[in-house]
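Protein chains in written order, with our numbering: chain A, 1 to 382; chain B, 383 to 659.
Certain hints may be false.
Claimed, not checked - Cross-link-like lysine to aspartate or glutamate pairs, in silico, EDC-like; alpha carbons within 20 Å at most:
1) B/446 x A/219
2) B/446 x B/501
3) B/446 x B/400
4) B/605 x B/625
5) B/605 x B/504
6) B/605 x A/244
7) B/446 x A/195
8) A/251 x A/195
9) B/605 x B/420
10) A/29 x A/4
11) A/29 x B/509
12) B/599 x A/241
13) B/446 x B/420
14) B/446 x B/513
15) B/605 x A/219
16) B/548 x A/195
17) A/257 x B/420
18) B/505 x B/453
19) B/585 x B/633
20) A/332 x A/373
21) B/491 x B/520
22) B/548 x A/4
23) A/257 x A/290
24) B/548 x B/513
25) A/251 x B/549
26) B/548 x A/290
27) B/599 x A/244
28) B/505 x A/219
29) A/251 x B/547
30) B/641 x B/614
Worth flagging that the hints you see were computed from the coordinates, not collected in a lab.
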Amino acid sequence: MFLDFLTTLREEGVPVGMGEWLAFLRGLKLGLATDLEGLYGYGRAVLCRTEADYDPFDLAFRKTFEGLVLPDDLREQLTVWLDEALGGAPGALPPKDYDSFEELWRDFLERLATQRERHDRGNTWIGTRGTSAFGHSGQAPQGVRVGGSGGGRSAVRVAGERRWANYRADRTLDVREIKVALRALRSLARDGPQELDLDETIRETAQNAGDIQFVERPERRNRLRVVLLMDAGGSMAPHAERVEQLFSALKQLRTFKSLDVYFFHNCVYGWLYRDMQELDRVPTEQVLAELSPKHRLLFVGDASMSPYELHAAWGWSGSEQPSGLQWLQRIKARCPASVWLNPDPPRWWNHPTVSAIAGVFPMFELTVEGLHDAVRTLRAPH
Amino acid sequence: MPSFQRFEGASRYIADPELIASVNAAIALQRPLLIKGEPGTGKTLLAHAVAESLEMELLSWHVKSTTRAVDGLYVYDVVQRLNDSRFGDRDVRDLRNYIRLGVLGQAFKRERQVVVLIDEIDKADLEFPNDLLRELDEMAFHIPELDETVRAQHRPVVIITSNAEKELPDAFLRRCVFHYVGFPDRERMRRIVEVHHPDLQDKLLDAALDRFYAMRKTAGLRKPPSTSELVDWLTVLVASGLDPDHVRTHDPFLGVLLKQQQDLDLLRGRRSPPRSF
Numbered sequence: 001m002f003l004d005f006l007t008t009l010r011e012e013g014v015p016v017g018m019g020e021w022l023a024f025l026r027g028l029k030l031g032l033a034t035d036l037e038g039l040y041g042y043g044r045a046v047l048c049r050t051e052a053d054y055d056p057f058d059l060a061f062r063k064t065f066e067g068l069v070l071p072d073d074l075r076e077q078l079t080v081w082l083d084e085a086l087g088g089a090p091g092a093l094p095p096k097d098y099d100s101f102e103e104l105w106r107d108f109l110e111r112l113a114t115q116r117e118r119h120d121r122g123n124t125w126i127g128t129r130g131t132s133a134f135g136h137s138g139q140a141p142q143g144v145r146v147g148g149s150g151g152g153r154s155a156v157r158v159a160g161e162r163r164w165a166n167y168r169a170d171r172t173l174d175v176r177e178i179k180v181a182l183r184a185l186r187s188l189a190r191d192g193p194q195e196l197d198l199d200e201t202i203r204e205t206a207q208n209a210g211d212i213q214f215v216e217r218p219e220r221r222n223r224l225r226v227v228l229l230m231d232a233g234g235s236m237a238p239h240a241e242r243v244e245q246l247f248s249a250l251k252q253l254r255t256f257k258s259l260d261v262y263f264f265h266n267c268v269y270g271w272l273y274r275d276m277q278e279l280d281r282v283p284t285e286q287v288l289a290e291l292s293p294k295h296r297l298l299f300v301g302d303a304s305m306s307p308y309e310l311h312a313a314w315g316w317s318g319s320e321q322p323s324g325l326q327w328l329q330r331i332k333a334r335c336p337a338s339v340w341l342n343p344d345p346p347r348w349w350n351h352p353t354v355s356a357i358a359g360v361f362p363m364f365e366l367t368v369e370g371l372h373d374a375v376r377t378l379r380a381p382h
Numbered sequence: 383m384p385s386f387q388r389f390e391g392a393s394r395y396i397a398d399p400e401l402i403a404s405v406n407a408a409i410a411l412q413r414p415l416l417i418k419g420e421p422g423t424g425k426t427l428l429a430h431a432v433a434e435s436l437e438m439e440l441l442s443w444h445v446k447s448t449t450r451a452v453d454g455l456y457v458y459d460v461v462q463r464l465n466d467s468r469f470g471d472r473d474v475r476d477l478r479n480y481i482r483l484g485v486l487g488q489a490f491k492r493e494r495q496v497v498v499l500i501d502e503i504d505k506a507d508l509e510f511p512n513d514l515l516r517e518l519d520e521m522a523f524h525i526p527e528l529d530e531t532v533r534a535q536h537r538p539v540v541i542i543t544s545n546a547e548k549e550l551p552d553a554f555l556r557r558c559v560f561h562y563v564g565f566p567d568r569e570r571m572r573r574i575v576e577v578h579h580p581d582l583q584d585k586l587l588d589a590a591l592d593r594f595y596a597m598r599k600t601a602g603l604r605k606p607p608s609t610s611e612l613v614d615w616l617t618v619l620v621a622s623g624l625d626p627d628h629v630r631t632h633d634p635f636l637g638v639l640l641k642q643q644q645d646l647d648l649l650r651g652r653r654s655p656p657r658s659f
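Next comes chain A alone, as it looks inside the complex (with noise of 0.2 Å):
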C-alpha cells in the first residue's frame, strides 16, 4: 500500500526524495498518523516541498486511497512491513527484538544501504512484498483509533475536492509568483555607492598599530540590464492579462540596474514602438546599436503569422530591407542572452513561423515553470 503510494506519487509529479520518504515513514513510526485524515494532513506536510506539489499530491493521494478499507491501525501495518523489509521474508527470520524505536531505525537504515550497494538501485529495497499475516505483537498502538473506512472516506473527499489546482507549477502566472522567478535573474557587482568594509578595516587598522584606519568599497549592485520585447498582435489579445502581470512584475521588481520595454507588432522589423497608441517610435536598429551582451532579453508574443510576415523584406521606403526573422537573427547575435516567452501551450508550437523563430531563441511556454527554466537558460553564461 504504501510503496504505491510512493510510486503514484512520483508519477503524479510529486518529487519525493528518499529522504523525504524514510522522514515520512518514520513519523508514522511515531504514531503521526493513525487514521487517513492524519495521513493526509502528515503525508502533505512532509511529502510536498511546496504548494504547487499540493494538487498532484491530492491526485496521488486519492488514486490510492481511493476505496480502500484501511486495517484499523496504520502503524500497526507498517511495523509489519518495516519488519518485513527488514527481515527478508516473513517468518524467514526470527523477529528480532528491539529495545526502542530507534534501534529499529539504525538497523533498518543499515539494511537499506546493504541492499544499495547489492541492487545498484536506491529503492530496490521497497520491492519487499509480501502479505504477512497481520498481528505481529510489537508495540502497542497509541493514539485515537478512528474506524479505517467511515474516516477514509471524508479524507479522499478531502483530497478529491482539488482546492490546490490553482497552486500548479504547470498553471499560468500571478504577479507575485513572475517576481519570484525573476528575481533570480541577477549579476551582482559592486557598484554602488560607498559603504564600510569592515573587514578591510580592521586589517589596515592593525597594519597601522591600531590607529584606526577606515576601508570603504562599493555597496555589491545588481548590474543586469534587463530589455522586455513585447508582441502587440491582434492575436496576443487573449493572453492580454497575463502579459500584464508579467509587464508589472517587471516593472515593480525594480532590482535592474535598467528596464526598457518596446513594442512590436507580429515580428520586430525596422521600428520598435514604446508606445503602441501614441506612435511612439525607435528605429530598431538605434536600439541594436544599444545592446550588449550585458542586456539580457525577453521576447513575450505568440511568434504565429503568416509565413510572408516573417520571411519577407518589410520596408518603408520601397528600398530592400532586412526581414522579419533577419531581424530576429541580428538582435541574437547582438544579445546571446535572449529567450522567447510563449503565451501558447507547446502543442501549438507546431507552426511554421513558431518553430522558425525556436530555431533563433530558445522558447518556454508563458507558466511558472516555463519562467523559471527561461530564467535559468538566462542566468547561464553566455
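Got chain A; can you put chain B on it based on the hints?
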C-alpha cells in the same frame, strides 16, 4: 515509543487540521516547519500560538534584506573591542565580552526547550537559507574566535515563515516540513474575524465579507486586501456605526482595505481594467 508534545490549536488562533498535522510532524520529526502563504494569512501568529499552546518561550528572529545567517548565531563585535582597546575600560583581552549570541544561539543555550521563529526568511539574500542548513540540522555551531561549540541542550521547535517573495533553495526545502496557508474561505474567515470582533452584528459582517471577497475577485488589483486589512476595516466600520446597507453600496473607508492609489481608482471606477494589447 518516544512521545512528543502535541499541538492542538490555541485559543486565539484558528488552525485547520492539516496545519495542526504539519506542526505536529515538525515537532515529532525535529525538522523546521516552513509556513508559506500570502501576507496577512496569520503565519507569524502561528508561532505565537504554538509557543502558547506548548507553554514554551518564543524567540523571534525578524529577517531583513541585510540579515546574514551568522547574525542569528553570534556576532563578534570587533568594532566595540577596537574602540575599547583605545578608549574603553573593559577588559579587551577577554573575547567573551565581545561575542553576542543571536537568536538561534540564545535558543541553543536555554535550559528549557523553546520555539524559535525565523520570520520572513524570503526577505534575506537568496543564499541565506542554505547558510543555515548545517546549524538547523545539527542544532550546533562553532565559534572559531573562542574555539567553542554551542550545542542545543534541547532542540528548539523551529518555525520559519515565508511570504513567497523569493524561491527558497531546494536543499533547504528538503529538510523542512512544509505547509502552505491558503487564503481562508468565507466560513473560516468568519471565524477568524470573530476572534478579533466577538460582538459583531451578523448583518454588518455579511456585508463586509461580501464586499471583501468581491474586491479580491476584481481583475487587475495590484494588491488585493488580506485578512489583517479586513479586520482593520471592520474595526473602523464598527467605530463609525455605519449602516450595513451603506457599507454594501458605498465601500466606505476604502483606504483601509486598498493601499495603492491605482487600486482605489480602479474600485472607484476612475480607471479602466488593464488595457489589452
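How the hints compare with the structure:
no. : hint          : in the structure
1   : B/446 x A/219 : 17 Å, holds
2   : B/446 x B/501 : 9 Å, holds
3   : B/446 x B/400 : 29 Å, violated
4   : B/605 x B/625 : 27 Å, violated
5   : B/605 x B/504 : 19 Å, holds
6   : B/605 x A/244 : 15 Å, holds
7   : B/446 x A/195 : 18 Å, holds
8   : A/251 x A/195 : 27 Å, violated
9   : B/605 x B/420 : 11 Å, holds
10  : A/29 x A/4    : 18 Å, holds
11  : A/29 x B/509  : 34 Å, violated
12  : B/599 x A/241 : 14 Å, holds
13  : B/446 x B/420 : 18 Å, holds
14  : B/446 x B/513 : 15 Å, holds
15  : B/605 x A/219 : 31 Å, violated
16  : B/548 x A/195 : 25 Å, violated
17  : A/257 x B/420 : 28 Å, violated
18  : B/505 x B/453 : 15 Å, holds
19  : B/585 x B/633 : 15 Å, holds
20  : A/332 x A/373 : 18 Å, holds
21  : B/491 x B/520 : 14 Å, holds
22  : B/548 x A/4   : 34 Å, violated
23  : A/257 x A/290 : 14 Å, holds
24  : B/548 x B/513 : 16 Å, holds
25  : A/251 x B/549 : 19 Å, holds
26  : B/548 x A/290 : 31 Å, violated
27  : B/599 x A/244 : 17 Å, holds
28  : B/505 x A/219 : 18 Å, holds
29  : A/251 x B/547 : 15 Å, holds
30  : B/641 x B/614 : 13 Å, holds
Taken one by one, the earlier hints fail for this structure at numbers 3, 4, 8, 11, 15, 16, 17, 22, 26, listed in ascending order.
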